[in-house]
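Put together the whole structure using the sequences plus the hints.
Protein chains: 2
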Amino acid sequence: MKILVLNPAITQEHKDRIAASAAKHNAELAFAASEAEIPEGFEEPDIVYGFGVDIARKSKKLKWLCVPSAGVDFICKPGSFANEDCILTNSSGAYGVSIAEHIIAVSLMMMRCLTVYYSQTLSGKWGAERFHQKSLKDSRITVLGTGDIGTEFAKRAKAFEPAQIIGVCRSGVSRESSFDKVLKVDALDSILPRTDLLVMSLPATSETEDILNRKRIEALPDGAYIVNVGRGSAIDEEALADNLDNGHLGGAALDVFKSEPLPEGCRLWKTDRLLITPHVAGNLTLDHTLDKNVEMFIEDLDNYFEGRDLKYMVDRKKGY
Amino acid sequence: MKILVLNPAITQEHKDRIAASAAKHNAELAFAASEAEIPEGFEEPDIVYGFGVDIARKSKKLKWLCVPSAGVDFICKPGSFANEDCILTNSSGAYGVSIAEHIIAVSLMMMRCLTVYYSQTLSGKWGAERFHQKSLKDSRITVLGTGDIGTEFAKRAKAFEPAQIIGVCRSGVSRESSFDKVLKVDALDSILPRTDLLVMSLPATSETEDILNRKRIEALPDGAYIVNVGRGSAIDEEALADNLDNGHLGGAALDVFKSEPLPEGCRLWKTDRLLITPHVAGNLTLDHTLDKNVEMFIEDLDNYFEGRDLKYMVDRKKGY
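Protein sequences appear in the order of chains A and B. Each residue of the first sequence is one higher than the one before, starting from 1 at the first, in the numbering used here. Each residue of the second sequence is one higher than the one before, starting from 1001 at the first, in the numbering used here.
Hints listed in this document are in silico derivations from the structure and should not be mistaken for laboratory results. Possibly wrong hints are sitting among the right ones.
In silico lysine-lysine, DSS-like type, Cα no more than 30 Å apart, as pairs [claimed, not checked]: (1) B:Lys-1125 to A:Lys-270; (2) B:Lys-1292 to A:Lys-155; (3) B:Lys-1024 to A:Lys-158; (4) A:Lys-181 to B:Lys-1015; (5) B:Lys-1137 to A:Lys-155; (6) B:Lys-1137 to A:Lys-292; (7) A:Lys-125 to B:Lys-1258; (8) B:Lys-1181 to A:Lys-292; (9) A:Lys-270 to B:Lys-1258; (10) A:Lys-181 to B:Lys-1292; (11) A:Lys-292 to B:Lys-1155; (12) B:Lys-1015 to B:Lys-1058; (13) A:Lys-155 to B:Lys-1158.
Here the structure is a predicted model, which is why all the values come from computation and not from measurement.
Written out as structure tokens, the structure reads:
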């Protein structure tokens, strides 16, 4: 068995831990920064941990691909796998802490007008004008997507004493007690008019495409805030921009977009009260995220060799 | 008895509640936006709720001044009161929620490099470079000043799963259980080398002046962050700028300064990794803060007329 690890961010300590697990199961192991630098003899590995997109598309020998991301939309399109039986796992569960911190940060930046004050001080101006601030305290928060990210966010948001935190997901069930209530997706239309802060952490699937459409954006109360950290496909970006420009929404913070990097000249660059970040809510620069990511792969590596079900298995048809 | 309320931010509902309390005690009441617009007959009131600085300095009749701020340094200088027996109360307790949210926001902005990403996107640039992020999770947090602000911050910070939250105050005692430990100020030097995030919420007194001096800033570990929301007098600003410029500190977020507004041409405007906000962490634009502020005054108004001790009494000699 040959294992190829394609992850430029991992440390020597991570490599040692992966090597120890591989040795335990008598597997061969190689590391490379990317698919462009694969060592000889590892062109058709059995297992890849990393963004092995080309290998998956070309090699019928690949049995298991573990991607370090939570989102798998890029590898769930038809033709992504030469071996139709190839197992796909993801690293959903590694990003919750990092992305939850991002959501809190950008929500407060918008609600407290820090986006405005900070942009003023960046240009050397002491902003004397006092803008009306909002607060997480007493806010009605709706979390669309109650997976790892939504859950870690709810835990943290709870400490800010919001009026309520409602989770919304396909099943309508979550084990996380920080949600005051968890509703099924078909309750979304009834909860939006009572939402001051809408947090979206959905995967890109056919069901989530433009789930936040124009009608739903307009159903939010005046002054509501939207944060999207899932996938850009979930929001009608034109409708969002219209409802920021016309003053309906209090603000929006997007870390993900239909097209990334956000194209030059795109209307969103000039949209008022839109806080843009370049897909950085969850990335592997945070030590905790990287540690967890490697730990999850090793956990499934042991499961794989010991014949147990893999824990982070993705349903390639559903796309998550 | 004449009560003068000088608070341009309060709503009609707030006025009605104050009026109801005044009527109960047969007191006369007037409202004005500032000392420049005082109605006839209220030039020498018995009680002022607001920034009645001139009245306090000139009128021997003033018996009680309630300021809507938490800090009272501006009214504790010699000569501030014509009537040496005038009671002074403040509104410490109204700002904790607002300022705690500010501290979390700016800490995460620095740790997650959102200051950099946001300044890039403000200029229309999709920042492709990935900077090393830090996290509140597993951080060692020290809170200098464990009053209302430090306490509300600790409650919220706890949800982010830091390694520890140590409170530091004069008494070494706090009722807030979110602190893992509370130490006396003389333990500051021993705790600073084990502090990743130092939060300062101290009043301006002779004891707190330059409490964070050059030696103490240098004692922090490399990459540590500082947030100051108390008073600017507590930090040696030159030493802070030196330790940001030389790369020792990871960042600093100052909402308060020795001189406000921060003077044009001041070195701090150009200091790297310094997040400047124009004294907005606690202001009366947040509905919760304003409600609490008015509520606290009414509480003490009842105490005053019913002969009880005032709850928000300031020791004018100590300055808090």
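Against the structure, the hints:
1. B:Lys-1125 to A:Lys-270: Cα-Cα ~12 Å, so holds.
2. B:Lys-1292 to A:Lys-155: holds, 26 Å
3. B:Lys-1024 to A:Lys-158: Violated: Lys-1024 of chain B and Lys-158 of chain A sit about 39 Å apart, past 30 Å.
4. A:Lys-181 to B:Lys-1015: violated, 37 Å
5. B:Lys-1137 to A:Lys-155: Since the Cα atoms of Lys-1137 of chain B and Lys-155 of chain A sit roughly 13 Å apart, the hinted pair holds (cutoff 30 Å).
6. B:Lys-1137 to A:Lys-292: holds, 13 Å
7. A:Lys-125 to B:Lys-1258: Status holds; Cα separation ~17 Å.
8. B:Lys-1181 to A:Lys-292: holds, 29 Å
9. A:Lys-270 to B:Lys-1258: violated, 36 Å
10. A:Lys-181 to B:Lys-1292: holds, 29 Å
11. A:Lys-292 to B:Lys-1155: Holds: Lys-292 of chain A and Lys-1155 of chain B sit about 26 Å apart, inside 30 Å.
12. B:Lys-1015 to B:Lys-1058: holds, 26 Å
13. A:Lys-155 to B:Lys-1158: The hint holds at about 10 Å.
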